[in-house]
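*Asks:* Residue numbers (our numbering), protein chains in the order written: chain P, 9 to 323; chain S, 9 to 323.
The hints are simulated quantities; they were obtained by calculation from the structure and are not laboratory data.
Hints may contain errors.
It does not matter which identical chain is used: a pair holds within one copy or between any two.
Stated by the list, open to error - With a straight-line Cα cutoff of 27 angstroms, these simulated DSSO-like cross-link-like pairs (lysine-lysine) come out:
1) Lys165 to Lys110
2) Lys144 to Lys33
3) Lys102 to Lys56
4) Lys239 to Lys69
5) Lys18 to Lys56
6) Lys144 to Lys263
7) Lys33 to Lys165
8) Lys18 to Lys33
9) Lys144 to Lys102
10) Lys144 to Lys41
11) Lys20 to Lys102
12) Lys20 to Lys110
13) Lys41 to Lys12
14) Lys56 to Lys144
Predicted model only: the values in this text are computed from it and were never measured.
Chain by chain, the residues:
Protein chains: 2
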Amino acid sequence: MIQKLIGQIKEKNAPVVVGLDPTMKFIPGHLLKEAARTYTPCGFGSEKLDIAAQAVWLFNKGIVDAVADIVPAVKPQVAMYEQFGIPGMIAYYKTVNYCREKGLIVIGDVKRGDIGSTSAAYAIAHLGRIAVDGEKLPAFDEDFATVNPYLGTDGIKPFVDVCNECDKGIFVLVKTSNPSSGEFQDVLTQSGRPVFELVGEKVREWGEASMEGDYSNVGAVVGATYPEQGKILRALMPHTYILAPGYGAQGATGKDLSYFFNEDGLGAIVNSSRGIIAAYQKEAYARFGEEGFAEAARAAAVDMIEDLREAIASR
Amino acid sequence: MIQKLIGQIKEKNAPVVVGLDPTMKFIPGHLLKEAARTYTPCGFGSEKLDIAAQAVWLFNKGIVDAVADIVPAVKPQVAMYEQFGIPGMIAYYKTVNYCREKGLIVIGDVKRGDIGSTSAAYAIAHLGRIAVDGEKLPAFDEDFATVNPYLGTDGIKPFVDVCNECDKGIFVLVKTSNPSSGEFQDVLTQSGRPVFELVGEKVREWGEASMEGDYSNVGAVVGATYPEQGKILRALMPHTYILAPGYGAQGATGKDLSYFFNEDGLGAIVNSSRGIIAAYQKEAYARFGEEGFAEAARAAAVDMIEDLREAIASR
């Protein structure tokens, strides 16, 4: 799967992921009205949740249609869908399927991870197939999933097995983009190295079991907001693809990211969520207006791609 | 919420959680047949998933009806439902609601955790209410959720806020029950203390913002399979309720757990999943047969309760 992602990145010359993290405040009024006319009640929870989830779906569809030809991948954040209950999970399911139909690589930002038998169930849920009555059936079926490493190898190995079996990939959290990520991740261990470096080393090791060419199907999440740590991790994990969140709304710029890439210009893919999907609410793209939310997203994606191409060129 | 849990534990004199982690191989044949007659297609994914999820729901209902008067709480593991896609999430939703109607405390074993804004969405999804069109609506609405601490305070605080706002609770992973949990959790830091102790200290600190009597709504997950670490953490976090998985199928016994409890006989609640819900498949309870799966579960729960009462008495 990592080679499929790399192929898309090269074809579009854009190491960019659009984060599909819709919240009610991003959704234009005309879509809320359309949702109220077009929703189907699922029967679980208030119908207002069905309407909200339908609005999320219409919003996503607009964004995806506007950016599918210029970006290689999308990353729906499942929390933004779970908060609407079953209707929200239906919107997630429809979004994943629609994006895959459009030829986009789908990174399910689910940050799952548990003891072995439970991680195996999560791996099946998001990347694999479940055996039922003699058939092997997909559940959510993203292309990649993000995974939390706190439980160690037990919690990761079932995901790697499914990656190999079903041609999928994962990104394991190593150094996250948020302000308090250092509380545990940066703690110095007795070897003098911080925890995130030990995690990075394990990610490299886990990745050896799922190599495809120069890169592994086991990638790493490294926040674009931490350029110094990114540089260290880039060197520590030369064959690991880095998924870097934190660009835009969280404060990172192309310049912060130049050392996340390898000399081949590959090795990293950068996510922006709010900065793209809610671009129409920002001054720089206000000219598109609420009705033009999708065109604004496209314009913001074009600008981000340009910024990253420069960052790679100047490294 | 922690006082509600304590009230239930005292009333039933049973510090026990039944883990509702159904897998296809636990479900008796007669329920699979019943499911094939009674399922409703949800329209998302193969109908075989609808049938499997219906079987899960019927199985859970049987177990819950058999144990609701003797145990205070249940802990559905959401991974076991997610693997069936949307139909599975519907079975999860129905299970949570049914258990709450039966007066059981529901611990959603979801192990969520992310950057602040995303953790806020997860907290809403599982414990809070989402604002839609002037109303605040519940989504999955468990009583407690398990949370992963790897992202630090940012990822926890939104959950604590929702606990305070909606009278709910969380259990934060500190020392997990699986064999490889030590890979990162036991790493010694420069202070000479392992990572799990730093996490335990933070859990105590986070918990101060949500106290109810002697205990906090912010609890900790500490694997019953690690009695030594449990003893250390019990002393380090005197006001933190411990959720201890790993009893039974993962190998821990009542004896391993005696030091997880405080002198008041409170402070811990112990989970068993397979050991109870699949008891009928074990020699000790085989006399109940497949049709008697629910009675077997009840008998296994009674035995576990007895074992834990002895452990508390002998501490």
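*Asks:* Take the hints in turn and mark each one as holding or not.
*Replies:* Cross-check of the supplied hints:
1. Lys165 to Lys110: Neither. Shortest intra-copy (30 angstroms) and inter-copy (38 angstroms) distances fail the 27 angstroms Cα cut-off.
2. Lys144 to Lys33: The answer is between: 15 angstroms across copies meets 27 angstroms, while 39 angstroms in one copy does not.
3. Lys102 to Lys56: both (18 angstroms within a copy, 19 angstroms between copies)
4. Lys239 to Lys69: Cα proximity of Lys239 and Lys69: none, with 36 angstroms in one copy and 52 angstroms across.
5. Lys18 to Lys56: neither (42 angstroms within a copy, 39 angstroms between copies)
6. Lys144 to Lys263: The answer is neither: 45 angstroms in one copy and 42 angstroms across copies each exceed 27 angstroms.
7. Lys33 to Lys165: Between copies only: 22 angstroms across, 38 angstroms inside.
8. Lys18 to Lys33: neither (34 angstroms within a copy, 45 angstroms between copies)
9. Lys144 to Lys102: Both. Shortest intra-copy (20 angstroms) and inter-copy (25 angstroms) distances satisfy the 27 angstroms Cα cut-off.
10. Lys144 to Lys41: between (39 angstroms within a copy, 19 angstroms between copies)
11. Lys20 to Lys102: For Lys20 and Lys102, the Cα distance is within 27 angstroms only inside one copy (24 angstroms; across copies 44 angstroms).
12. Lys20 to Lys110: within (14 angstroms within a copy, 55 angstroms between copies)
13. Lys41 to Lys12: neither (38 angstroms within a copy, 42 angstroms between copies)
14. Lys56 to Lys144: between (35 angstroms within a copy, 10 angstroms between copies)
Hint check: violations occur at hints 1, 4, 5, 6, 8 and 13; the rest are consistent with the structure.
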